[in-house]
Amino acid sequence: MENARFENAGRGELDLSQPTHDALLISFYGIWEMGNDLPSAEEALNKIETASAIRRVSFEAQNLSGWDTGLLTFLIKVIDTCTQKTILIDMTGLPQGVQRLLALASAVPERAGARKETTQEPFLSRIGTATIEFGRSLPELLAFIGEAFMAFLKLFTGKARFQRHDLWLIIQQTGVQALPIVSLICLLVGLILAFVGAVQLRMFGAQIYVADLVGIGMVRVLGAVMTGVIMAGRTGAAFAAELGTMQVNEEIDALRTLGIPPMEFLVLPRMLALMLMMPLLCLYADLMGLLGGLIVGVGMLNLNLMEYINETRSIVDLTNLCIGIFHGGVFGVLVALSGCLRGMQCGRSASAVGQATTSAVVTSIVCIVVATAVITLICDVLKI
Amino acid sequence: MNCLVPHITVKDLTMAYGDFVLQRDMNFVVNRGDIFIIMGGSGCGKTTLLRNLVGLKEPARGQVFYGEVSFWESDQEEQGRIMRQFGILYQSGALWTSMTLSENIALPLREYTDLNEAAIREIASLKLSLVGLKGFEDFYPSEISGGMRKRAGLARAMALDPEILFFDEPSAGLDPISSRLLDDLILEIRESLGATIVVVSHELPSIFAIGNNSIYLDAEAKTIIGSGNPKKMLEESQNPIVRAFLTRGEQKV
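Each protein sequence line maps, in turn, to chains A and B. The first sequence lines up with residues 216 to 599 when you count with the working numbering. The second sequence lines up with residues 1127 to 1379 when you count with the working numbering.
Be a bit skeptical, because a hint or two may be false.
What the hints assert, rightly or not - Covered, in the sense of this in silico footprint (three residues per stretch, anywhere, with C-beta under 8 Å from a C-beta of chain B), are these stretches of chain A:
1. 287-293
2. 318-325
To be verified - Reference listing, derived: stretches of chain B covered by chain A, where coverage requires no fewer than 3 residues with Cβ under 8 Å from a Cβ of chain A:
3. 1219-1230
4. 1244-1251
5. 1254-1263
6. 1266-1273
7. 1308-1322
In case anyone wonders, no lab produced these hints; they're calculated from the structure. Virtual Cβ for every residue (Gly too), placed ideally from N, Cα, C.
Can you build the whole structure from these sequences, using the hints too?
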């Protein structure tokens, strides 16, 4: 028997025996280490549960050649069952280290009420919770807009507290550094617009109206919308991530306790920078879009260069340009607001920063589309 | 513990950031079962040394041996195998904030063992109860206090029953009693698991309470200017800088 055990010394094994009718002896053999395919505690636990005569459990570890957490989890299960059934446990047979660790594990009792209860919430209740949360988020949103507005008032009275060089830095990040991507996207959108238009207009021999299509389309709406979407993904997300990380690192708390309102110090320069830069970027985007249309018109439709430019000039008047730039300004406010709002509302974990960023981009894009619809409708009613 | 077996051997290690040399030509041996303290004033490169030891930053020159194997000369697979024997407690716990405490401890177990979910959950509970956090399995790191976070970080460091535990300033930011309890815990882990422990610290009470070997790094001399058992160093060291450090500046340089 002993020899057979020794041959198998590699794996952890156990043996249950009852020296007297009211005692259970658990003997351990081999190496009891995690991932070593250890015997389950079921057998021992069953024995303790079923044999009601057992009043004492002891252990024997003479042939135990190695152990780690694997043995401890086994023992804890046995000990828990025994404590429940008020069975006496004698741990003297265990290695010193095991005894000490078990003592350590039970040294601090579980704090009452600490354990969280996980309950499956019914579907309707989840909808309810979500609705209530949405309802609660509205006043928060209004409060944020109000605070931002107050910060702007302070700016005009010259009392806003932020660092001028912060503003310049953010202007650089949101303005100049966005030029390459805005160029690329708007040039391509202009090209696409001209292409799609050309296919239809060619059928009537009205190629020259491609200039009108691209001109009005880009300048009045599309230039601003494309810039808005780019800035939502580029800058709005950056604002949310930056402010969110500051929230996680308690940097925003540090500002508050110093008496510096984060609204003025962090949000104001960001909003200001984006509001100033968006109309400019928008103007630039319009130009790029027109250039894209021109390339298709002159290169593919064989229109005369001057002819195309003159047609564009005649159709794109100041009103169209102003409407486009107004779009841009509105989108600037919306993107900055949603980026900063989500950043400031961010929770205190890494995944909360991710959620804040996602939510900032989604909010901005939804706002941009809704705002475009509203402005277009108003323009239609006012006949401009 | 009677016969000293070298566990970590550092040979001619030089640490630098670009051209700026932090410490040069460091030589020391950490024996199996040691509680080895790396001490020194702020900015002398203690944490950088730790990063060199655990494989986060390659030293500018020199070698780190784990047993017989030179860590920085091994291929990536071997390095990974060595690193799995480490448990590291970072200065502020470095728990993954988007996971519960139980999930934090379960992650290394899921990655490196083929235990089933129930067993992993049991082990996570056990590790948490070892550090006195029984019942906090489903809490997120942001919901518990700084001291608890540190202890949870220790529970995670112990998840895979490491052979070597590294502590980066374990008592920083803890109250004296929690700090003392953590010291006891470190001693207990060493006794019962037989792990080798490397501690970066400048908390004197804790250094004297747990350390049985140490080195002192000096920012001026840019190398080790004292080594040995901290208590003996306090009695015997002739170096005025080491004396000033160990007596909290009461014996002036």
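Hints versus structure:
1. Against chain B, the region 287-293 of chain A contributes 4 residues with a C-beta closer than 8 Å to a partner C-beta. That satisfies the three-residue criterion, and the hint holds.
2. Counting residues of the region 318-325 of chain A whose beta carbon lies closer than 8 Å to any beta carbon of chain B gives 7, which meets the minimum of three for the stated coverage.
3. Evaluation of the coverage hint for the region 1219-1230 of chain B: fulfilled, as 3 residues show C-beta separations to chain A shorter than 8 Å, against a requirement of three.
4. Only residues whose C-beta sits within less than 8 Å of a C-beta in chain A count toward coverage, and the region 1244-1251 of chain B has 3 of them, enough to reach three; the restraint holds.
5. Check result for the region 1254-1263 of chain B against chain A: holds, 8 residues qualifying (beta carbon to beta carbon below 8 Å, three or more required).
6. Residue count for the region 1266-1273 of chain B with a Cβ under 8 Å from a Cβ of chain A: 3. That meets the three needed, and the coverage hint holds.
7. As drawn, the region 1308-1322 of chain B meets chain A at 6 residues by the rule of a beta-carbon pair under 8 Å; at three or more, the given contact holds.
Checked against the numbered hints above, the structure violates none of them.
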